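Peer 1: Here is how the chains run, residue by residue.
There are 2 protein chains.
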Amino acid sequence: MTVELISVGTEILLGNIVNTNAAFLSEKLAALGLSCYHQSVVGDNEERLTDTLKLALSRSDIVILSGGLGPTKDDLTKEVTAKVFGKELYEDAHTRERIQEYFDRLNRKGMITENNWKQAMVPEGAIVIDNHNGTAPGIILEGENGKTAILLPGPPNEIKPMFENDIAPYLNRLQPEGIYSKMVKICSIGESRAETMVADLMEQQSNPTLAPYAKTGEVHFRVTAKAKDQETADQLMQPVLDELFRRFGNNIYTTEETVTLEEAVVNLLKEKNMTVTTAESCTAGLLAGRIMNVPGASDVYNEGYITYSNDSKMKLVGVQEETLNQYGPVSVETAYEMAVGAARAAGSEAAVSVTGYAGPDGGADGKPAGLVYVGCCVGDKVRVEEFRFSGNRNKNRDYAVVRALTILREELL
Amino acid sequence: MTVELISVGTEILLGNIVNTNAAFLSEKLAALGLSCYHQSVVGDNEERLTDTLKLALSRSDIVILSGGLGPTKDDLTKEVTAKVFGKELYEDAHTRERIQEYFDRLNRKGMITENNWKQAMVPEGAIVIDNHNGTAPGIILEGENGKTAILLPGPPNEIKPMFENDIAPYLNRLQPEGIYSKMVKICSIGESRAETMVADLMEQQSNPTLAPYAKTGEVHFRVTAKAKDQETADQLMQPVLDELFRRFGNNIYTTEETVTLEEAVVNLLKEKNMTVTTAESCTAGLLAGRIMNVPGASDVYNEGYITYSNDSKMKLVGVQEETLNQYGPVSVETAYEMAVGAARAAGSEAAVSVTGYAGPDGGADGKPAGLVYVGCCVGDKVRVEEFRFSGNRNKNRDYAVVRALTILREELL
Numbered sequence: 000m001t002v003e004l005i006s007v008g009t010e011i012l013l014g015n016i017v018n019t020n021a022a023f024l025s026e027k028l029a030a031l032g033l034s035c036y037h038q039s040v041v042g043d044n045e046e047r048l049t050d051t052l053k054l055a056l057s058r059s060d061i062v063i064l065s066g067g068l069g070p071t072k073d074d075l076t077k078e079v080t081a082k083v084f085g086k087e088l089y090e091d092a093h094t095r096e097r098i099q100e101y102f103d104r105l106n107r108k109g110m111i112t113e114n115n116w117k118q119a120m121v122p123e124g125a126i127v128i129d130n131h132n133g134t135a136p137g138i139i140l141e142g143e144n145g146k147t148a149i150l151l152p153g154p155p156n157e158i159k160p161m162f163e164n165d166i167a168p169y170l171n172r173l174q175p176e177g178i179y180s181k182m183v184k185i186c187s188i189g190e191s192r193a194e195t196m197v198a199d200l201m202e203q204q205s206n207p208t209l210a211p212y213a214k215t216g217e218v219h220f221r222v223t224a225k226a227k228d229q230e231t232a233d234q235l236m237q238p239v240l241d242e243l244f245r246r247f248g249n250n251i252y253t254t255e256e257t258v259t260l261e262e263a264v265v266n267l268l269k270e271k272n273m274t275v276t277t278a279e280s281c282t283a284g285l286l287a288g289r290i291m292n293v294p295g296a297s298d299v300y301n302e303g304y305i306t307y308s309n310d311s312k313m314k315l316v317g318v319q320e321e322t323l324n325q326y327g328p329v330s331v332e333t334a335y336e337m338a339v340g341a342a343r344a345a346g347s348e349a350a351v352s353v354t355g356y357a358g359p360d361g362g363a364d365g366k367p368a369g370l371v372y373v374g375c376c377v378g379d380k381v382r383v384e385e386f387r388f389s390g391n392r393n394k395n396r397d398y399a400v401v402r403a404l405t406i407l408r409e410e411l412l
Numbered sequence: 000m001t002v003e004l005i006s007v008g009t010e011i012l013l014g015n016i017v018n019t020n021a022a023f024l025s026e027k028l029a030a031l032g033l034s035c036y037h038q039s040v041v042g043d044n045e046e047r048l049t050d051t052l053k054l055a056l057s058r059s060d061i062v063i064l065s066g067g068l069g070p071t072k073d074d075l076t077k078e079v080t081a082k083v084f085g086k087e088l089y090e091d092a093h094t095r096e097r098i099q100e101y102f103d104r105l106n107r108k109g110m111i112t113e114n115n116w117k118q119a120m121v122p123e124g125a126i127v128i129d130n131h132n133g134t135a136p137g138i139i140l141e142g143e144n145g146k147t148a149i150l151l152p153g154p155p156n157e158i159k160p161m162f163e164n165d166i167a168p169y170l171n172r173l174q175p176e177g178i179y180s181k182m183v184k185i186c187s188i189g190e191s192r193a194e195t196m197v198a199d200l201m202e203q204q205s206n207p208t209l210a211p212y213a214k215t216g217e218v219h220f221r222v223t224a225k226a227k228d229q230e231t232a233d234q235l236m237q238p239v240l241d242e243l244f245r246r247f248g249n250n251i252y253t254t255e256e257t258v259t260l261e262e263a264v265v266n267l268l269k270e271k272n273m274t275v276t277t278a279e280s281c282t283a284g285l286l287a288g289r290i291m292n293v294p295g296a297s298d299v300y301n302e303g304y305i306t307y308s309n310d311s312k313m314k315l316v317g318v319q320e321e322t323l324n325q326y327g328p329v330s331v332e333t334a335y336e337m338a339v340g341a342a343r344a345a346g347s348e349a350a351v352s353v354t355g356y357a358g359p360d361g362g363a364d365g366k367p368a369g370l371v372y373v374g375c376c377v378g379d380k381v382r383v384e385e386f387r388f389s390g391n392r393n394k395n396r397d398y399a400v401v402r403a404l405t406i407l408r409e410e411l412l
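Residue numbers (numbering that gives the first Met the number 0), protein chains in the order written: chain W, 0 to 412; chain Y, 0 to 412.
I should point out that these hints are in silico values taken from the structure, not numbers from a laboratory.
Computed from a prediction, not measured in an experiment: that's the story for all the values here.
Just so you know, not all the hints are guaranteed correct.
[To be verified] Label pairs and their in silico Cβ distance ranges: (1) Lys214/W <-> Arg104/Y: 25 to 31 angstroms; (2) Gly85/Y <-> Asp241/W: 52 to 58 angstroms; (3) Lys227/W <-> Lys394/Y: 36 to 42 angstroms; (4) Tyr89/Y <-> Phe244/W: 51 to 57 angstroms; (5) Glu45/W <-> Asn393/Y: 36 to 42 angstroms; (6) Lys227/W <-> Asp50/Y: 35 to 41 angstroms; (7) Asp379/W <-> Asn393/Y: 31 to 37 angstroms; (8) Glu45/W <-> Pro155/Y: 31 to 37 angstroms.
Backbone N, C-alpha and C define an ideal beta-carbon position, used for all residues, glycine too.
Input sequences plus hints: build the corresponding full structure.
Peer 2: Structure follows, in structure tokens:
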């Protein structure tokens, strides 16, 4: 079964926003085992939208349209789709009620305009999907020719839950067998090495399949099985998961889609009943900020230090003046003392330090841009690693943060 | 003149990467005054790429294809385009030499494979654009029917400089008049209010035009003039810029495309010869990390504090225990003492503090998620602002960082 995407919106054509919905939908469709050969973007224009939709329906089984479901006259997706399918629009009483409740819930009753009721209009015979995060409902329109259009709202916080909760199960039911997957997330190992380590598994795959996804400093493998139910899928996937665990060991930090590296680290700290602190120079708070992405991270993190100047490295985390003079602020020795000193200052069981030249300039001492040291102390054990990154300033800082999380995780294990 | 985009790459169809190139090109084309009504994504498949290109050429004057110019057999963009235009490929001696030099420069001479010379093949009659950041050249192919295809490499660090340096001037030359623009970036004022404030200017516009671009917590207006040269364009734009400055005053922090809010703040600190520090609770380092995005920020920032726990607020930045007990950690009073205490602890002339409930949970004291206080002290003056954000945890933290930078800028002025 083939699926095609049409993103509707002048703001995408003008480059005002990046089309992240298309990337989100594409990844989800691939995970469902559906083939997507075409994606289009078109503005809120009746003629061009009609042509684009007709072309898509001529070459794909299912067309997913996102955007253009708003309350204004400019929003045409529903009207155009109904016309192409030869259906009239009528006001759906349930949707009208839901929109009313939505405004009531936000205490914005007075803000409903006549326009909003346009969003309660749906094509005859359509399946209407409630939107729990906005007013425009989702719409599934099954044509008599076996072709289907699925209309979804544009805002990411509306389309994502609607796709996950309603559209993915709908698509899965259309297939003779369901698609089930696990995301095996790996740190500590580079992308090309990780792929080499499983090249044989990727080659001999059929059901389940194995596909790599590169993220900054991490490698994710999606294991996907086609099966009649979750239990059969789990049985098919288990040998591959076992084999991946045999090869990557505890470099695998999760097999859950939604778990992030920082979340895995925070969970590990909670399990061990430990707190962590950070002393950051070149990353200047990005590492702490990322740990604190995790709701509830306050259980494992109390305070941290941004030690950009030499003085602050001495004052806040007790680096020795002699160390800075002899080895420089970007050195194994300084990273070591920053980690140990931060743990002591914060009274925490673990600490991570980052010091480096993020670029574009290197050090006055001739050390190059991209040179970064990560220090980590857990209990009595201290470890320092050297990295030489070759990206720009922001890339180097992002990589340093991932390496720091990875090393902390390794030391906690 | 109409331009259409085709992004070539299975990795986009699978959702492995987000199509940021399309957003980049769209914004640049709009800034050049060119109309883009269609964008497509297609995989590395000869038949589908041929169909997509033919359709695009039938409805647009210029088609920009990005991606699929790599050295492997899968990469087909050049081959398909040459065929559609009825041109043969030949080896371009200059490009062969440039590829050789590229590998030499990176000390990767031994890594050239026979495949790489495929990248030196270009269609007869094409304009070849040197790639200074990779091996695949850009190609402009002008058909006899007045239609043009422009082929650009996929990696963002290759396509962006090539577009700016070579393609934008080429496109500008095709037009009777050139397009010149300024980006007026505004903070301290919300999107809808800012648009209302210039609704009359947007209505009466023709040359120059005025278009809004929303960024998290900021509003950008692009002023675009059509003119025979830069000087004439400047004369056309000046009255609009003057009017914008009259209405927004120093809420405009730059009129330069590349200057960010944090850069404007760092420059202001440098001008005033002041240093700043940060005390962050819910943003936990993100504000400091953003200030340090700016190369050379070390001149104005020495150290900072992540004060997540109550203890750390007392210990690191001297918040009174009584204040925390009486008003709570998320309060005007705590934000005030955090800012004043941070400036004192760091010995800096300015300080910014952030304390709030980022979500998903609010405080044990019943205060809601999204409640954030930003404190700012510059010299003797202290100011605290309350915000109630309604996004998720990460959105709320991002907004808090922008608000903190905005308030710091206002107080510095």
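Peer 1: So, for every hint listed, does it hold in this structure?
Peer 2: Okay, the hints, checked on the actual structure:
no.	hint	in the structure
1	Lys214/W <-> Arg104/Y: 25 to 31 angstroms	holds (29 angstroms)
2	Gly85/Y <-> Asp241/W: 52 to 58 angstroms	holds (55 angstroms)
3	Lys227/W <-> Lys394/Y: 36 to 42 angstroms	holds (40 angstroms)
4	Tyr89/Y <-> Phe244/W: 51 to 57 angstroms	holds (52 angstroms)
5	Glu45/W <-> Asn393/Y: 36 to 42 angstroms	holds (37 angstroms)
6	Lys227/W <-> Asp50/Y: 35 to 41 angstroms	holds (36 angstroms)
7	Asp379/W <-> Asn393/Y: 31 to 37 angstroms	holds (36 angstroms)
8	Glu45/W <-> Pro155/Y: 31 to 37 angstroms	holds (34 angstroms)
Consistency note: the structure conflicts with none of the earlier hints.
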